[in-house]
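Peer 1: So the protein lines, in turn, are chains V and X.
Per the working numbering, the very first residue in the first sequence carries number 1; after that it's consecutive.
Per the working numbering, the very first residue in the second sequence carries number 1; after that it's consecutive.
Think of the hints as simulated: they come from the structure by calculation, not from any bench.
From a predicted model like this one, the values you see are computed outputs, not experimental measurements.
Errors might be hidden in some of the hints.
[Said to hold, decoys possible] List of simulated lysine to aspartate or glutamate pairs, EDC-like, C-alpha gap at most 20 Å:
#, chain 1, residue 1, chain 2, residue 2
1, X, K113, X, E96
2, V, K304, V, E292
3, V, K309, V, E292
4, V, K29, V, D41
5, V, K148, X, E242
6, X, K29, V, D256
7, X, K304, X, D282
8, V, K113, V, E103
9, X, K148, V, D323
10, V, K309, V, E103
11, V, K309, X, D155
12, V, K304, V, D256
13, V, K29, X, D323
14, V, K304, V, E278
15, X, K309, X, E203
16, X, K304, X, E229
17, X, K309, X, E158
18, X, K29, V, D41
19, V, K29, X, E229
20, X, K304, X, E102
21, X, K309, X, E102
22, X, K309, V, E18
23, V, K29, V, E103
24, X, K29, X, E97
[To be verified] Coverage of chain V stretches by chain X, computed from C-beta distances (three or more under 8 Å per stretch; other residues unrestricted):
#, stretch
25, 25-34
26, 86-93
27, 139-153
28, 179-185
29, 215-228
30, 275-288
No residue lacks a Cβ here, since even glycine has one placed at the ideal position from N, Cα and C.
Protein chains: 2
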Amino acid sequence: MEDRIRLEHGSGGVLSRELIEQVIYPVLKNAAYPSLTDGTDIRCSVSMCMSTDTYVVDPVFFPGGDIGKLAVFGTCNDLAVSGARPEYLSLGFVLEEGFLLEEFSRVLDSIAKAAAEAAVAVVTGDTKVVPAGKGGGIYINSTGIGVKRFTGNLDPAEFVTGDEVILSGPLGAHGIAVLGARERLPVGDAILSDCANLYPLCEELFSFGSALKFMRDATRGGLAAVLNEIVAAGSSGILVREADIPVNRDVAAAADILGLNTLEVANEGVFIAVVAPEITSDALKRLSKHAEGRSAAAIGTVVKEPAGKVIMETRIGGRRIVDLPRGLLLPRIC
Amino acid sequence: MEDRIRLEHGSGGVLSRELIEQVIYPVLKNAAYPSLTDGTDIRCSVSMCMSTDTYVVDPVFFPGGDIGKLAVFGTCNDLAVSGARPEYLSLGFVLEEGFLLEEFSRVLDSIAKAAAEAAVAVVTGDTKVVPAGKGGGIYINSTGIGVKRFTGNLDPAEFVTGDEVILSGPLGAHGIAVLGARERLPVGDAILSDCANLYPLCEELFSFGSALKFMRDATRGGLAAVLNEIVAAGSSGILVREADIPVNRDVAAAADILGLNTLEVANEGVFIAVVAPEITSDALKRLSKHAEGRSAAAIGTVVKEPAGKVIMETRIGGRRIVDLPRGLLLPRIC
Numbered sequence: 001m002e003d004r005i006r007l008e009h010g011s012g013g014v015l016s017r018e019l020i021e022q023v024i025y026p027v028l029k030n031a032a033y034p035s036l037t038d039g040t041d042i043r044c045s046v047s048m049c050m051s052t053d054t055y056v057v058d059p060v061f062f063p064g065g066d067i068g069k070l071a072v073f074g075t076c077n078d079l080a081v082s083g084a085r086p087e088y089l090s091l092g093f094v095l096e097e098g099f100l101l102e103e104f105s106r107v108l109d110s111i112a113k114a115a116a117e118a119a120v121a122v123v124t125g126d127t128k129v130v131p132a133g134k135g136g137g138i139y140i141n142s143t144g145i146g147v148k149r150f151t152g153n154l155d156p157a158e159f160v161t162g163d164e165v166i167l168s169g170p171l172g173a174h175g176i177a178v179l180g181a182r183e184r185l186p187v188g189d190a191i192l193s194d195c196a197n198l199y200p201l202c203e204e205l206f207s208f209g210s211a212l213k214f215m216r217d218a219t220r221g222g223l224a225a226v227l228n229e230i231v232a233a234g235s236s237g238i239l240v241r242e243a244d245i246p247v248n249r250d251v252a253a254a255a256d257i258l259g260l261n262t263l264e265v266a267n268e269g270v271f272i273a274v275v276a277p278e279i280t281s282d283a284l285k286r287l288s289k290h291a292e293g294r295s296a297a298a299i300g301t302v303v304k305e306p307a308g309k310v311i312m313e314t315r316i317g318g319r320r321i322v323d324l325p326r327g328l329l330l331p332r333i334c
Numbered sequence: 001m002e003d004r005i006r007l008e009h010g011s012g013g014v015l016s017r018e019l020i021e022q023v024i025y026p027v028l029k030n031a032a033y034p035s036l037t038d039g040t041d042i043r044c045s046v047s048m049c050m051s052t053d054t055y056v057v058d059p060v061f062f063p064g065g066d067i068g069k070l071a072v073f074g075t076c077n078d079l080a081v082s083g084a085r086p087e088y089l090s091l092g093f094v095l096e097e098g099f100l101l102e103e104f105s106r107v108l109d110s111i112a113k114a115a116a117e118a119a120v121a122v123v124t125g126d127t128k129v130v131p132a133g134k135g136g137g138i139y140i141n142s143t144g145i146g147v148k149r150f151t152g153n154l155d156p157a158e159f160v161t162g163d164e165v166i167l168s169g170p171l172g173a174h175g176i177a178v179l180g181a182r183e184r185l186p187v188g189d190a191i192l193s194d195c196a197n198l199y200p201l202c203e204e205l206f207s208f209g210s211a212l213k214f215m216r217d218a219t220r221g222g223l224a225a226v227l228n229e230i231v232a233a234g235s236s237g238i239l240v241r242e243a244d245i246p247v248n249r250d251v252a253a254a255a256d257i258l259g260l261n262t263l264e265v266a267n268e269g270v271f272i273a274v275v276a277p278e279i280t281s282d283a284l285k286r287l288s289k290h291a292e293g294r295s296a297a298a299i300g301t302v303v304k305e306p307a308g309k310v311i312m313e314t315r316i317g318g319r320r321i322v323d324l325p326r327g328l329l330l331p332r333i334c
């Protein structure tokens, strides 16, 4: 096996087979993916959930993670916030001619490790190779299937005034870590992506039944995008308290220097939940048992007016609108 | 809405939302995909099948189809040859900065039309934008879930001497159509890709039970790749008869001029089945009721020796080995 991807690795011939049989499949093989066929049988229950995401992050490796870990946890997290326990994953690789086999293998190892941690079985895959200059080293689509464990309604239209907004962890680490690595900014390797498996945290909230009203991970567009999506879908507004939003000090400092708003920076290990106020303290207690939930906090409240808007009470007591992010935030952040 | 994809269309902000809500979702919305959430609930039965494929075809539009039609039928066909009726589809788009919105919309329309024809519901999706020079206009991952309708064993290890190899249609049209369009070769618009939904044909064979022993669509690497995969997985050989392999005359002529071997050219509407000899004529009769199966033919036989090899009996009575394709066939053919 040579050390770089060649176009022939995508041709369906001898080299394609070698790449799949010698490089990819040995790393990803598991009991639910017993052989290389066009499709794999999976055991389902009646109520499942399906989610897909393509990862185009640049650079492929960044402090705290890489595109492989991101492709597993990112899609599993979308299932988790939909109330489903991730079960099966498909992987679609688009490799660019010239990509180093050694780097591909590191990504595959990272996928295998993350899949084991998330207890999800990779069951089928596909590998394409595009000519140099037509890709980004490696892009990965992962599509996940999960079993519904929470069957309540997660619909912002059902929010009532006084419902509380919980943030599961500190903002901004993923975006700053990736941007720092890409632009070789002096943010240091101290800031690691928060890329993590959120299912255990989400599961803590399932037993609250109808008092759990909404969950969403705050990826592209950050907290600002999620809160604006919520208010756009419902008939209420949201008031958030800047002083209560957890942000790590080094992330805040780096964001300041770079002129980035931590509310808009992508996260890969943080979700927003909206809950009935009577369960807030219990929910925070449960989340804080987990490493990723140690800084979980109630950061805001559902309000009647102004409907459809996200308002922030600033540290100095003022109020400002938090808009849906406009323009170019950080391309290829996930 | 401007007329070209901008990086901001992938940022998670206002333009992302506009692209999804105004361009993508209106075309793909259906009863099983009632709202834009991170994951969509799907109804499953116990025995399902999952398959994934990423499409990087160049050019995006070609005689007889486009990347959208390919992304739907290609993945549905992988489920069909696995014995499953396609039910749900996810779509992951990687758009390149500068790609024309008008072309994207044509692809979306084509997806919607193909999904309706295949009776498959698009239930979730994702859209990423990469900078100019980091993509190929548009790449599409589609991942499909199907209900198992044929639960027999489709394992080449179970073949016995005398089993027959059926080809469902004429070879080579997809590869020649795409190559002709890409290289502006004078093959003319008369050669259309064979891109088609194969489930109705596959379903015809399910009722044969254990006499149906194997199915596989002949995409990248063509017939040569599939037959070699079969013999590599079993303990028999295959003898194919060149004179019995259907190839349309204009495709054969174009392949000759281009120096291509039709056995190795990609197809998107042709599959190989291996069946017990007593059902061959019945199977061919059933396939030929469908437009795509009009030229279905028995093209070869499972033989004891030489095990692990595909041998072709040529038109002039000689014999030669059909190898797994080597080297670069046609990059970005699907």
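Peer 1: Take the hints in turn and mark each one as holding or not.
Peer 2: Against the structure, the hints:
Our distance criterion of 20 Å between C-alpha atoms is broken by K113/X and E96/X, whose separation comes to about 24 Å. A distance of roughly 31 Å separates the Cα atoms of K304/V and E292/V; the hinted pair therefore is violated under the 20 Å criterion. In summary, the hint linking K309/V to E292/V is not supported, as the alpha carbons are separated by about 29 Å, beyond the 20 Å threshold. Between K29/V and D41/V the CA atoms are separated by roughly 14 Å; this keeps the pair inside 20 Å, and the hint holds.
This hinted pair does not check out: K148/V and E242/X have alpha carbons roughly 52 Å apart, beyond 20 Å. Our distance criterion of 20 Å between C-alpha atoms is broken by K29/X and D256/V, whose separation comes to about 41 Å. Restraint check for K304/X and D282/X: not satisfied, since their Cα atoms lie roughly 25 Å apart, outside the 20 Å limit. Taking the CA atoms of K113/V and E103/V, the gap is near 15 Å; set against the 20 Å cutoff, the hint holds.
Restraint check for K148/X and D323/V: not satisfied, since their Cα atoms lie roughly 47 Å apart, outside the 20 Å limit. As the CA atoms of K309/V and E103/V are separated by approximately 44 Å, the hinted pair breaks the 20 Å bound. Of the pairs offered as hints, the one joining K309/V and D155/X is violated, with about 58 Å between alpha carbons and a cut-off of 20 Å exceeded. For a cut-off of 20 Å, the pair hint linking K304/V to D256/V is broken: about 32 Å separates their Cα positions.
Between K29/V and D323/X the alpha-carbon distance is near 27 Å, which puts this suggested pair outside the 20 Å criterion. The suggested pairing of K304/V with E278/V holds, with an alpha-carbon distance near 19 Å, which does not exceed 20 Å. Distance hint between K309/X and E203/X is unfulfilled; the C-alpha atoms sit about 29 Å from each other, more than 20 Å. The straight-line distance between the Cα atoms of K304/X and E229/X is roughly 16 Å, inside the 20 Å bound, and the hint therefore holds.
Proposed proximity of K309/X and E158/X is supported: the alpha carbons are some 16 Å apart, at most 20 Å. Restraint check for K29/X and D41/V: the C-alpha separation of about 27 Å exceeds 20 Å, so the hint is violated. Among the hinted pairs, K29/V with E229/X is consistent with the structure: their alpha-carbon atoms are about 19 Å apart, no more than 20 Å. Between K304/X and E102/X the alpha-carbon distance is near 55 Å, which puts this suggested pair outside the 20 Å criterion.
Restraint check: the Cα-Cα separation between K309/X and E102/X comes to about 48 Å, which exceeds 20 Å; the hinted pair is violated. For the hint pairing K309/X with E18/V, the CA-to-CA distance comes to about 18 Å; that is within 20 Å, so the pair holds. The hinted pair formed by K29/V and E103/V meets the criterion: a straight-line CA distance of about 19 Å does not exceed 20 Å. For the hint linking K29/X to E97/X, the alpha-carbon distance of about 25 Å lies beyond 20 Å, and the restraint is violated.
Interface restraint, the stretch 25-34 of chain V with chain X: violated (0 residues with C-beta to C-beta distance below 8 Å; minimum three). For the stretch 86-93 of chain V, the stated coverage by chain X is satisfied: 5 residues place a CB nearer than 8 Å to a CB of that chain, which reaches the threshold of 3. Only when three residues or more bring their CB closer than 8 Å to a CB of chain X does the claim for the stretch 139-153 of chain V stand; here the count is 7, and the claim holds. Interface restraint, the stretch 179-185 of chain V with chain X: violated (0 residues with C-beta to C-beta distance below 8 Å; minimum three).
Only residues whose beta carbon comes within less than 8 Å of a beta carbon in chain X count, and the stretch 215-228 of chain V has 7; three or more means the coverage holds. Coverage of the stretch 275-288 of chain V by chain X is violated [criterion: at least 3 residues with CB-CB distance below 8 Å; count 0].
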